[in-house]
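Produce the complete structure using the sequences and hints provided.
4 protein chains.
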Amino acid sequence: MNNFGRIFRLSIFGESHGKGVGITIDGCPAGIPLTEEDLMQDLGRRKSGARGTTPRIEKDLPAILSGTFEGKTTGAPIIILFRNKNTQSKDYSNLLDSPRPGHADFVAQHKFGKNNDYTGGGHFSGRITLGIVAAGVVAKKILGDVSIDAKLTEIGGRTDFDAAIEEALLEHDSIGGIVECKANNLPIGYGEPFFDSVESMISHLIFAIPATKGIEFGSGFEAAKMKGSEHNDNFIDETGKTETNHAGGINGGITNGNELVFRVAIKPTSSIGKTQNTMNFAKGKVEELLIEGRHDACIALRIPVIIEAAAAIALADLKLIDQARR
Amino acid sequence: MNNFGRIFRLSIFGESHGKGVGITIDGCPAGIPLTEEDLMQDLGRRKSGARGTTPRIEKDLPAILSGTFEGKTTGAPIIILFRNKNTQSKDYSNLLDSPRPGHADFVAQHKFGKNNDYTGGGHFSGRITLGIVAAGVVAKKILGDVSIDAKLTEIGGRTDFDAAIEEALLEHDSIGGIVECKANNLPIGYGEPFFDSVESMISHLIFAIPATKGIEFGSGFEAAKMKGSEHNDNFIDETGKTETNHAGGINGGITNGNELVFRVAIKPTSSIGKTQNTMNFAKGKVEELLIEGRHDACIALRIPVIIEAAAAIALADLKLIDQARR
Amino acid sequence: MNNFGRIFRLSIFGESHGKGVGITIDGCPAGIPLTEEDLMQDLGRRKSGARGTTPRIEKDLPAILSGTFEGKTTGAPIIILFRNKNTQSKDYSNLLDSPRPGHADFVAQHKFGKNNDYTGGGHFSGRITLGIVAAGVVAKKILGDVSIDAKLTEIGGRTDFDAAIEEALLEHDSIGGIVECKANNLPIGYGEPFFDSVESMISHLIFAIPATKGIEFGSGFEAAKMKGSEHNDNFIDETGKTETNHAGGINGGITNGNELVFRVAIKPTSSIGKTQNTMNFAKGKVEELLIEGRHDACIALRIPVIIEAAAAIALADLKLIDQARR
Amino acid sequence: MNNFGRIFRLSIFGESHGKGVGITIDGCPAGIPLTEEDLMQDLGRRKSGARGTTPRIEKDLPAILSGTFEGKTTGAPIIILFRNKNTQSKDYSNLLDSPRPGHADFVAQHKFGKNNDYTGGGHFSGRITLGIVAAGVVAKKILGDVSIDAKLTEIGGRTDFDAAIEEALLEHDSIGGIVECKANNLPIGYGEPFFDSVESMISHLIFAIPATKGIEFGSGFEAAKMKGSEHNDNFIDETGKTETNHAGGINGGITNGNELVFRVAIKPTSSIGKTQNTMNFAKGKVEELLIEGRHDACIALRIPVIIEAAAAIALADLKLIDQARR
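Protein sequence lines correspond, in order, to chains A, B, C and D.
Its first residue numbered -3, the first sequence is counted upward by one per residue in my numbering.
Its first residue numbered -3, the second sequence is counted upward by one per residue in my numbering.
Its first residue numbered -3, the third sequence is counted upward by one per residue in my numbering.
Its first residue numbered -3, the fourth sequence is counted upward by one per residue in my numbering.
Keep in mind the hints are simulated off the structure, nothing from the lab.
It cannot be assumed that every hint is accurate.
Because identical chains cannot be distinguished in the list, a pair is counted as satisfied if it fits within a single copy or across any two copies.
[To be verified] Here are the simulated lysine-lysine pairs, DSSO-like style, with alpha carbons at most 27 Å apart:
{"#": "1", "residue 1": "221", "residue 2": "147"}
{"#": "2", "residue 1": "15", "residue 2": "110"}
{"#": "3", "residue 1": "81", "residue 2": "110"}
{"#": "4", "residue 1": "147", "residue 2": "281"}
{"#": "5", "residue 1": "223", "residue 2": "281"}
{"#": "6", "residue 1": "55", "residue 2": "15"}
{"#": "7", "residue 1": "237", "residue 2": "279"}
Shown next, in the form of structure tokens:
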């Protein structure tokens, strides 16, 4: 479903080749300064243009259509719309018969039938994450002093990013990567177990982002190899600071005041410039497929700001929920 | 919060040392055969008693108090209660001053104050997962022919489980592990992007289970090292079966008819028989702490059935949601 | 569905002739004194025994099974269970063929099939409102100084209640009534338009109570006959107090600090001691039906405390939501 | 909060004097024909222009920005935007000190502070119901053969509408009215007790509509005066048709296949052309207030189509929920 959250609530909409994409943000406290200008920095970080991303530059201009008055939030829903430009382009109808490997073409047609908007990925397009980034900016404002910082730490299994990208470009291929996200200055007490643990809320949002394949908090998959005596984080001061941070800043689903840390695995972009095999379901036989156009060789380059936004959104909602019962 | 789901909805309650734990399951279709007897097999798999689990045997007898009539579900809410036995035991009040490393003692007290039930972990106890296992049985019935199977594939980083367990027991320590879960015979089309992708729903539930540190679907963290040409799964027949299954049975957040696969990292049990350091917050200094009693050296041994249940619950809800719009 | 609320959330369950009925209350702040004893006064007001109610006395003993510790709420879900007694009694299976006029027998069988628990109304029984009354007590505690008071103002169209009841008893018939509910000392600002206006939240709960047929706030249906110049409530002091109170304490879906007033129409009990006509659906013809047993001649006598509870529940949730965004 | 529904879900936004108002509709099945043209008939019924409504004509042109493809719904969220025109007009800032009687000015300022958009009612404006009407059109399509028909049955307590309107216009005053809504051809079985009875869902939406003061189903407030033997509706044929319809087509919160009937009380428009008294909160004294501009003498004239929409929305969601569990 296309909504998320209990107090700070999102409702997302749009298609890559339709009139636009956007998001409605409800439950935002009144009085927070918010203009389109505030959104530009994070939106800029999501933009293409850098080496390894698609040279197709999209102008992602947000328009805040409601929920602010004289530059501040009013407490009413905030809708942010990104109108699409120049989308009438090419014919995608061949995707109906020959779905692209790694994409949602095949399942979308099964689930929604012939009415699925298959052009440019439709509602499944990564373009829809523009709204997430915008909502993330609002969420960060709600969180106040909390700082959230995500960055790419590994690309194609390597840490020398440039070489990895050049290799992929040369081969008309794509590569995956790992994004690490850290949040500091979080108060103790955000998180609503049993079901709405911090990890549950963040992972729910992270796996809504196309191309994510895994998430781990703190020690993550390494924890499976450790002993309890190594893994337990000993308290070292009266604020609850711990010697190690295998917990990744969370105990029992609740922030413990230490740094929140998680890592996300991003798969290589499904659209590649190499010829692939796919089933032509109309003809009932496997055919070669060459996806034309310009793609992101490494979509992971554009994802850190989206992951920051997801973390901020989850934490902002948990902050407001926590506040409700104080 | 303690509820989850849109149509197939859970409401969980209880404490380890209170009167009992349990779950209310709402939104279940009418006419499904269901008795306490049906729950025993999965509950048995969660039980302690095996080498490496606590020798403290709990009798986990479920009582279905509502929602069935003449052995079948009625469509009304099903409440399943597990009464606790012999819980008056020892004094836990020292945890207020000296929270156990790795546990929720510290954060719970910050969030809920002196009123937090600290005895035996209270509402944070792993005992609360009994309800999840029971709900999992109902969910599996809703899913019909779908088979879900989770098992421990790695323990303390090794695959020779017995040796790993004996070593931990000898050292009065604990170890983590990895659980892999597979679901077969799933129809194409379950999953409700943007926010309620299959991965989002499953991971939300998985991270509600105490001790989980990471989750990955299909290729998971390996995907970050791969190229698109390797990662993309080529269709090989007219049912949508693919040559490889890096997608783990999901594209665009929707089941694609191939095997659903995910893996979960479980941390070593926080309660260990070794002396640890912890802050005595009343005295303001670090002290040694020895947690008495009998613990699970490897809680991961008892978790596979809980993970199966989580997967079944997420998929059952997605099945009913999908059905709503057909 | 059997859950309600955003922060202060209820999950209701049970059947009149099953093992019991009850409610789970989630989202309650920690630290509120709560014992079974606290529930007895309001439960007593719902009890039968008075002239005009069924002489069948039910012992409605609540058991709080979770969510409190040393007599105070912990912030974890509170489950309150009322076990049923002496319910094996009579055979209700004739209701499958011959549904009782005014009851849910007919629709329940259509919706849930043969699996519907038809004994004593099953999940449709008025007995399920015990949980609402219990949750109402908790809600009133959350509301602090707010006082809520509902009473029967009219019975069978009359204000001399005794005569109306005696007449109904003499005729083996039943009668309806009107309950008026007032809440005082409410702060300005509860209510979350657009959808969760105070009236929306209260009426949602009121129409869940069996036998309710109408609700009006402030001037209510009279407003339809009035002119704006008569209806508008003029402010008379700096606290926002108004000269008249046609608004019933609510403007734009939000409490305005004046007395909250609403009235609820209760239909006459459907079970009467007179012979009625009903369709025997098995035989395909109309037959006479005489419902045996002892019934409430005027169920409206027992409903005021349930209506108070509904108002308190809606307002408590709105209070916590409002607090989340302050 | 500004969202509603479980499967068929609405998210509403906008302000009367901002950039626009609108609605996002999620959970709509794929394949339903839908264009802007389809919305025009119902939007036309909400329009002003008739005698007794404001002579200020608004062009309410909807733009469907997402969720349709080649004229049919895709299963993705549908957003419908109504851009505002010519709204820069006058200065409303006096409302901050001198709130209008009967309006939300006073409570909005208390709840949201100085950041509330007070221009033209802001998010509290009746203009926001445009989205409800649009969503109602979609809901009616989901309901298929069901016909829903609302009309004004009483105005200012009279049935000779023209005279009532002329009198109000002459006096520069406003008048209320009663709208009756009937739905036919509903299947048996829609409605989800305990909490989501048909009446609960409809009344929740009805009381979100500005100016509604009461609602009654079937016999409604008359039921309070009746005896059970009069009120019970006897079944007369094998489809469940009843002799009378005091139930208003609903038993136990579930549609029973008979005509659904409810009535809604509408208060007189709060904005009138007569001088009123109001508190100037800045000066701390009562002053005379004359609201300039052109108003609806009888807003009830424009409300029937909004009430139809509310009924359709509630029923469409209940239909989809019912379908989920079949």
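Comparing the hints with the structure gives:
1. 221 with 147: Classified as both; 26 Å inside a copy, 16 Å across copies.
2. 15 with 110: within (20 Å within a copy, 35 Å between copies)
3. 81 with 110: Classified as within; 25 Å inside a copy, 37 Å across copies.
4. 147 with 281: neither (42 Å within a copy, 37 Å between copies)
5. 223 with 281: between (52 Å within a copy, 25 Å between copies)
6. 55 with 15: Intra 14 Å, inter 21 Å, cutoff 27 Å: intra and inter.
7. 237 with 279: The answer is between: 16 Å across copies meets 27 Å, while 63 Å in one copy does not.
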